[in-house]
Amino acid sequence: MIPGDFEYYRPNSLDEAVNLLAMHGDDARVLAGGHSLIPMMKLRLAAPEHLVDLSNITSLTGVSEEGGNISIGAMTTQTEMIASKVLSESCPIIRETALLIADPQVRYCGTLGGNVANGDPGNDMPALMQCLGAAYILQGPDGSREVEARNFYEAAYFTEMNEGEILTGVRFPKPPAGHGYAYKKLKRKVGDYATAAAAVILSMKDGNCVSASIALTNVADTPLYASAAADALVGTTIDATAVDQAVALAEGITEPASDGRGPAEYRTKMAGVMVRRAIQEARERAQ
6 MIPGDFEYYR PNSLDEAVNL LAMHGDDARV LAGGHSLIPM MKLRLAAPEH
56 LVDLSNITSL TGVSEEGGNI SIGAMTTQTE MIASKVLSES CPIIRETALL
106 IADPQVRYCG TLGGNVANGD PGNDMPALMQ CLGAAYILQG PDGSREVEAR
156 NFYEAAYFTE MNEGEILTGV RFPKPPAGHG YAYKKLKRKV GDYATAAAAV
206 ILSMKDGNCV SASIALTNVA DTPLYASAAA DALVGTTIDA TAVDQAVALA
256 EGITEPASDG RGPAEYRTKM AGVMVRRAIQ EARERAQ
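Position one of the sequence shown corresponds to residue 6 (the working numbering), numbered consecutively onward.
Certain hints may be false.
To be verified - Pairs of lysine-lysine residues, derived as PhoX-like cross-links and limited to a Cα-Cα distance of at most 25 angstroms, are as follows:
{"#": "1", "residue 1": "K179", "residue 2": "K90"}
{"#": "2", "residue 1": "K274", "residue 2": "K192"}
{"#": "3", "residue 1": "K274", "residue 2": "K194"}
{"#": "4", "residue 1": "K210", "residue 2": "K179"}
{"#": "5", "residue 1": "K47", "residue 2": "K194"}
In case anyone wonders, no lab produced these hints; they're calculated from the structure.
The whole structure should be built from the sequences, with the hints applied where relevant.
See the structure below:
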């Protein structure tokens, strides 16, 4: 199908973009990579009258590390994150996750900000950002503010972002040296959304787990931060009993829908399988 008529804007600065959104209100939408919005426009499920393209705002791109934190601009593409030396050395789980998103054509245009901002429960980066303890930086007519990724998602396609705000970047603490990590994703075919997926980051010392973080993708209306499951690993050698408990706790918070990817019970069990595999691989990688 063909989208409805709209006015197209390509601002050169963040202030200009924010002003455009303030001017046009509910009739305006932000365009990042476009892989979520454009298909919805073609199906007439979304019909914005004003489209604000952020691709000319160079301040919204790039990866940097400073003061123990890693920052990524919202318009940084999946391909740019895959190629980033900073991320490959300090936080390789981002590269691992990005490589599982769609296909190379999509990753060349798809952005981090677009992936985390629209509240699609099938997107991969939101759960990973929760796992990393990330904060989202939002810019609007009233200035800038930060929202923790773990508090950002309210329901499918509903977030803490206010009208007129733009997600400009993501910031998270650099994971400790020698940490273990894994993102495991079950999908029906290459490029598909997850039937279920899990992100795990953990650290070991003297054979015991000293920190752990677990988050789940596409097994509820929002990404899920599995805090109890992660806590079940801390203080253990990540033995079979601890892993079984973590898996059971992770499965217990899922609320998947029955759909073309399988019945709810199957997707819950597959979430547990992904958690188990991610824990095992993260433990093997931990130094």
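Satisfaction of hint between K192 and K274, Cα-Cα up to 25 angstroms: holds (14 angstroms)
Given the hint that K274 pairs with K194, test it: the Cα-Cα distance must not exceed 25 angstroms. With a Cα-Cα distance of about 19 angstroms, the restraint between K274 and K194 holds, given a limit of 25 angstroms.
Run the distance test for K47 versus K194: straight-line Cα separation, threshold 25 angstroms. Between K47 and K194 the Cα gap is close to 24 angstroms, so the pair holds against 25 angstroms.
Within 25 angstroms, alpha carbon to alpha carbon, are K179 and K90? Satisfied, since the Cα-Cα distance of roughly 14 angstroms is no more than 25 angstroms.
Straight-line alpha-carbon gap K210 to K179, limit 25 angstroms: Distance ~18 angstroms between K210 and K179 Cα, so the pair holds.
In this structure, none of the earlier numbered hints is contradicted; all agree with it.
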